[in-house]
Amino acid sequence: MDELKEKALAYHFDGKPGKIEVVATKPCQTAEDLSLAYTPGVAKPVLEIAEDPENAYKYTSKGNLVAVVSNGSAILGLGNRGALASKPVMEGKGVLFKRFADIDVFDIELDTMDPQKIIETVKLMEPTFGGVNLEDIKAPECFEIEQTLIKECNIPVFHDDQHGTAIISTAGLINIAEITGKKIQEMKVVFNGAGSAGISCAKMFKAAGVKKENILMCDSKGVLHEGRRESLTKQKLEFIADTEARTLADAMVGADIFIGASAADVVSPEMLKTMAKDPAVFAMANPNPEIKYELAVATRDDLIMATGRSDFPNQINNVLGFPFIFRGALDVRATGISEGMKMAAARALAMLAREEVPESVKKAYGGKEFTFGRQYIVPKPFDPRVIEWEAVAVAKAACEEGLAQSPITDWDGYIEKLKERMASFWV
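When you number the sequence shown by our numbering, it's gap-free, plus one each residue, and the end is 427.
Honestly, the hints are just simulated from the structure, not real lab data. Each residue gets a CB set at the ideal place from its N, CA and C atoms; glycine is no exception. A portion of the hints provided could be inaccurate.
What the hints assert, rightly or not - Just the calculated beta-carbon pair ranges, DEER-fashion: (1) GLU416 x GLY181: 16 to 24 Å; (2) LEU78 x GLU238: 25 to 33 Å; (3) LEU237 x ARG385: 16 to 24 Å; (4) ALA249 x GLU416: 35 to 43 Å; (5) ASP2 x ARG229: 44 to 52 Å; (6) LEU78 x GLY18: 16 to 24 Å; (7) ALA43 x GLY367: 51 to 59 Å; (8) ARG229 x GLN185: 24 to 32 Å; (9) GLU6 x LYS123: 36 to 44 Å; (10) MET125 x ALA24: 19 to 27 Å; (11) ALA43 x PHE106: 20 to 28 Å.
Please construct the entire structure, taking both the sequences and the accompanying hints into account.
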């Protein structure tokens with residue numbers, strides 16, 4: 001048994017199996033406690049909620065409870081392993097929600113590949129939750145599931161595989177422009193991987209200023225070009241290009257940025273050499289990137305390199321997104337998570353990376369120094385300031401767009417409440 005497997009299995013097995021549990025927030029030590037927690041006392045909040053559904057946010061955990069929902073059809077880097085096998089990942093999401101944003105989670109694994117059944121099930125569970133995080137559901141079904149639920153639910157619904165990667169990558173894009181002096185609207189970008197993450201990244205890059213004519217997208221069969229129009233999904237059709245490029249190698253010539261949401265070792269050193277000056281490579285395939293970090297930086301000394309891994313600089317990690325996005329959305333009772341809220345999150349992360357890094361962050365990473373630049377384009381997850389910057393930016397965007405059912409007016413007070421809420425997690 002390899003060392004990582006041994007440690008990981010022990011981590012999940014030792015003590016209580018799994019990674020999460022339910023903890024009561026009210027005492028139940030006496031007969032009176034019992035009468036208040038359950039019958040007859042529980043009838044009182046029941047009647048209050050029946051009279052006014054808004055009271056559910058006052059008397060239950062709904063406002064701080066997120067459903068993490070998967071059918072296991074696209075488990076991070078492992079493919080379709082089924083609903084049951086996805087449970088360790090969904091429990092892991094619960095750990096991250098709690099640790100980084102003090103949000104409670106029920107993980108829901110649905111044993112079906114039918115998008116309509118997933119939609120129906122999640123819709124039926126809406127009264128329980130303040131928000132829904134869809135996870136590890138394969139494309140193209142994930143698009144239909146998310147979009148339908150967004151339309152039919154009055155709580156935030158967010159497919160993290162799509163938007164989490166896109167938000168963090170867009171923060172990186174903004175800072176690459178700052179570091180290299182290139183203009184976003186002039187950058188040529190190649191996407192490899194036309195699934196949920198790749199397509200969402202491309203859409204968000206367009207929203208950030210990248211021109212459609214400067215985008216080339218590849219799937220497992222090569223560049224999405226006009227000659228393939230009849231065989232492509234609706235989502236891929238948006239990124240068809242009028243180009244002579246047919247292979248990933250063709251597409252990489254002259255590119256400023258490569259965004260990989262695909263498979264290990266598909267990018268060669270020769271491809272990197274054909275890219276423009278000061279290129280950026282986001283090789284985000286997990287666990288092994290599209291090109292090995294050491295090989296990439298040895299090939300070009302002007303390269304800005306990012307991966308999905310924590311053992312290299314510039315980790316594009318979704319944990320920088322979903323906990324804080326839901327925190328901001330829940331705190332203003334947002335009815336959804338808009339494109340504006342996502343962009344606000346990306347811009348907040350980009351701006352935070354330019355700030356001086358506190359000692360507490362350096363200590364969390366073994367004393368390593370971090371300074372804004374080629375080796376540090378996005379903040380670290382263990383930076384306690386992320387929640388202050390990102391959750392606030394998301395909440396403000398929701399208020400400005402009229403999506404907040406409980407808008408915040410005292411933003412300084414809200415920041416202080418966030419600091420107090422998270423203080424015990426940073427001891």
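Starting from the range 20 to 28 Å, see whether the pair ALA43 and PHE106 falls in it by beta-carbon distance.
For PHE106 against ALA43, whose Cβ atoms are near 24 Å apart, the range 20 to 28 Å holds.
How does the Cβ-Cβ distance of GLU416 and GLY181 compare with 16 to 24 Å: does it lie in that range?
violated (38 Å)
Indicate whether the distance between the beta carbons of LEU78 and GLU238 respects the range 25 to 33 Å.
holds (28 Å)
Could you say whether the range 24 to 32 Å given as a hint is met by the Cβ separation of ARG229 and GLN185?
Since the Cβ atoms of ARG229 and GLN185 sit about 26 Å apart, the hinted range of 24 to 32 Å holds.
Hint says 36 to 44 Å; check whether the CB-CB distance for GLU6 and LYS123 agrees.
Distance hint for GLU6, LYS123 holds at roughly 42 Å.
Return holds or violated for the Cβ distance of ASP2 and ARG229 against the range 44 to 52 Å.
For ARG229 against ASP2, whose Cβ atoms are near 45 Å apart, the range 44 to 52 Å holds.
Indicate whether the distance between the beta carbons of ALA43 and GLY367 respects the range 51 to 59 Å.
At 57 Å between Cβs, range holds.
At the C-beta level, are MET125 and ALA24 separated by a distance inside 19 to 27 Å?
The hint (19 to 27 Å, Cβ to Cβ) holds, given that MET125 and ALA24 are roughly 22 Å apart.
In this structure, is the beta-carbon distance linking LEU78 and GLY18 contained in 16 to 24 Å?
holds (18 Å)
When you take the CB atoms of ALA249 and GLU416, is the distance between them in 35 to 43 Å?
Roughly 53 Å apart at Cβ, these two residues miss the hinted range, so it is violated.
LEU237 versus ARG385 beta-carbon gap, inside 16 to 24 Å or not
With a Cβ separation near 41 Å, LEU237 and ARG385 fall outside 16 to 24 Å, so the hint is violated.
The earlier numbered hints that this structure contradicts are 1, 3, 4.
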